[in-house]
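Please put together the full structure from these sequences, using the hints given.
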Amino acid sequence: MRIVVLMKPVPDPGEERLGADGRLDRAVSAVINGNDEYVLEAALQLVEANGGEVTLLTMAPAGITDPIRKALAMGATRAVLVSDPALGGACAWSTAQVLAAALRTLEYDLVLAGADTSDGGGGVVGAAIATLLHHPYLSRARKIEPIEGGVRVERISAAGHDVLEAELPAVVAGTQLLGEPRYPSLRGIMGARSKEIAIRTLAEIGLADRPVGGAHATTTLVDARPPASRGSTRVVRGLEPVAAAAAIVDFLVERRAL
Amino acid sequence: MGGIWVIGEVDAGGALTKLSGEAATAARAMGEAGSLDVQGVIVSAEPDEAAASLATFLPVVLAVRSPEARERPAAAIVAARVAALAAAADDPPAYLVVGATPDGRDLAGALSALLEVGILVGGTGLAWGAAADGVPAGPRVEMQPFGGRIVTTSAFSGPRGIVLLRPSMVVAEPLAAPGRVEAVAAQGTVNVAPVRVVERVVAPTIGPSIEEARVIVAGGRGVGGPEGFAGLGELAGLLGGGAVGATRAAVDAGWVDYAIQIGQTGKTVKPSVYLAFGVSGAIQHKVGMQTAETIVAINRDPDAPIGEFADLFVVADLAAVVPALTAALRARAG
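Chains A and B, in that order, are what the protein sequence lines are.
Taking this note's numbering, the leading residue of the first sequence gets 1, the next gets one more, and so forth.
Taking this note's numbering, the leading residue of the second sequence gets 1, the next gets one more, and so forth.
It is worth saying that the hints were derived from the structure and are not from the lab.
C-beta: ideal position from N, C-alpha, C; glycine also.
Don't take every hint at face value.
Covered, in the sense of this in silico footprint (three residues per stretch, anywhere, with C-beta under 8 Å from a C-beta of chain A), are these stretches of chain B [as the list claims (entries may be wrong)]:
#1 67–78
#2 113–122
#3 188–197
#4 296–306
Here's what the structure looks like:
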C-alpha cells in the first residue's frame, strides 16, 4: 500500500507568535503537527503489516526541515517538500490546491491527514483536497484498516462511531485515537540522514500561473490584540475541606451560578 | 450582490441541530447590518422537519430532498447539492454560514473546493464589518488562537466566502413569525466515489452533552481514576444538570471516553461555569475552555498553570474537597 501522509510543521504549541506582517512567524521552532503524528504512526503500522511505503508531503518554507527529518526517522520512506516564496501567507484554500496539485505528481493508494492543525485549527483542508481530486473522504478516523480494493474506517460520530468503507484511492483524516506515535530509534535517526527530501516549486507541480499563495489569500487579518483580562484570580488555600467547599459554593452564588 | 445562505445540519433523527439555529441567528444579524438577504438550505433524505425548524429562524428555507444522504456520510452530498443550487441561482450567495461540527467542517472544505472560495473559522465572535483599509465589507470573524494569548479579527479578501461558526457563540433567537419552506429538486451530481456507511454504532452516553451544558465539571489526571470521575458525575448532577468533561490525560489513561475530551484535539466548550478538578491547565486544554464565563479550579499543586487564568483557584486535595462540596450542594438542595 502506497501511503502519502500530509505533514505540517507547526510552531511549537505555546510558542506561536505573529510576525510584523501579521502572518504566523515561521521562524519559531517547528514541530510535527500533533494529529499528523498520529496518522503517520497509523501509516507506518499499515505498511509494516501489509507492505508498501510512506511518502511525506509537506508545504513549508525550505528551511523548516527538522520536523521532516523526525518523521523520516520514525520510518517514512521519503519526503516531498513543496516550497516557494510565493506560498508565504497562503490560506486554507490555497493550501488545498497546492497539496492536491502535488498529489497529482505522486503515485499513491491512500492519503492520510491529521484531523486539524494546532496553528490553523480549521480542519477543512483534507475535505477540500479530496473534493479537488474526486477521492472519497473519510474524516475523524479512530481506526484505519485495509479491505479488498479499499479501506475501512471507524469514524467518530456524535453518537458513537460509524463504520465507513470506500474504494482506493481515498483521503482519510485521523485523530489521536489512532494511537500513540512512536519515538524515532537511534537507527531511524541515523537512517533518516540519507533519506530524500525532494523540494518542489509551484512551477514544478504545475501551478506556476495559478492564483495560489499569499498574494491570492482568500482571507486576511484585520486586527490582532491582546485578550481582555479575565480579572484577577482569587486564590484560596490552607482551608479544611468543608471550608474549601463552602468557599466554592459562596463564589458560585456570588457569580449567580447557583 | 448575493446574499447569505445558512446551511442547516440535520441530526441522525432528522431534527435540526441547535447550532444551526445559532448560525441562522448570526447570519440574520449580518444580513441586517450589511443589507443582504438571508435564506436557509436543508439537504437531507427527509428534509421537511429540519427545514420547518430552520424556518423559525429565517424568512426562506430551501428544502432539498436527497435520498442518498441516508446511507452515505452527509458532507459530500450536501456540498454537491448546495454548490449546484448556488450555480443555478439567479442571485448566487456571497457568503455561506455553516456550523463548525465535524460534518460542518467536512462540508465547508468540500464547498470551498467546489465554489473556489475561502473559509473563516469563528472562534469567539462574528459580526458584519464595513469596508476599510482595502478590506471589503463582509463578515468579521474573531478568533483566539495560540491558546488565547492573542485575539484576532479576520475578513475575506474578496466578495465571497464560507464562515464556520463554533457552538455557543450566539444565542439562537427565532423570528416573530416563521418563514416559508420551499421544496426544491436536488440538482447536480455527486462527483466523488461513494463512501458506504456499513454500520452506525451508538455508544452509551453519560448525562448531557458538554457542548450544550451550562455547567461543566471537568477532571484531569489529578482525579485519579474512573471512581473519581463517578464522583464528578454526581457533582455535575447537583449543579443543575451539568455535564462531565475531561482532559486528554484522563482520556489517554482510559478513565473516560474521548467524546468528553475538552481541548485542542477534543471539543471546544463555552459554559457559564467551568469547574476544573485536578486539571493542570496545559495550553492544549486551555484552548478548549478559556471562553467559559466563570472558571473555578481545584488543584493540589499551587503552581498549576490553571491558577493563572481561573477566577477562583482553590489549592486543596480533591479526595477531600469533592465529597465536602457534594455534601454542601446536597444540603443546599435540601
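Evaluation of the provided hints:
1. Given as covered by chain A, the region 67–78 of chain B passes the check, having 3 residues with a CB less than 8 Å from a CB of that chain where 3 are the minimum.
2. For the region 113–122 of chain B, the proposed coverage by chain A is satisfied: 8 residues have a C-beta within less than 8 Å of a C-beta in that chain, meeting the threshold of three.
3. Judged by the Cβ-Cβ criterion of 8 Å, the region 188–197 of chain B is covered by chain A as claimed, because 7 of its residues qualify and three suffice.
4. A stretch counts as covered by a chain when three or more of its residues have a beta carbon under 8 Å from one of that chain; for the region 296–306 of chain B and chain A the count is 3, and the coverage holds.
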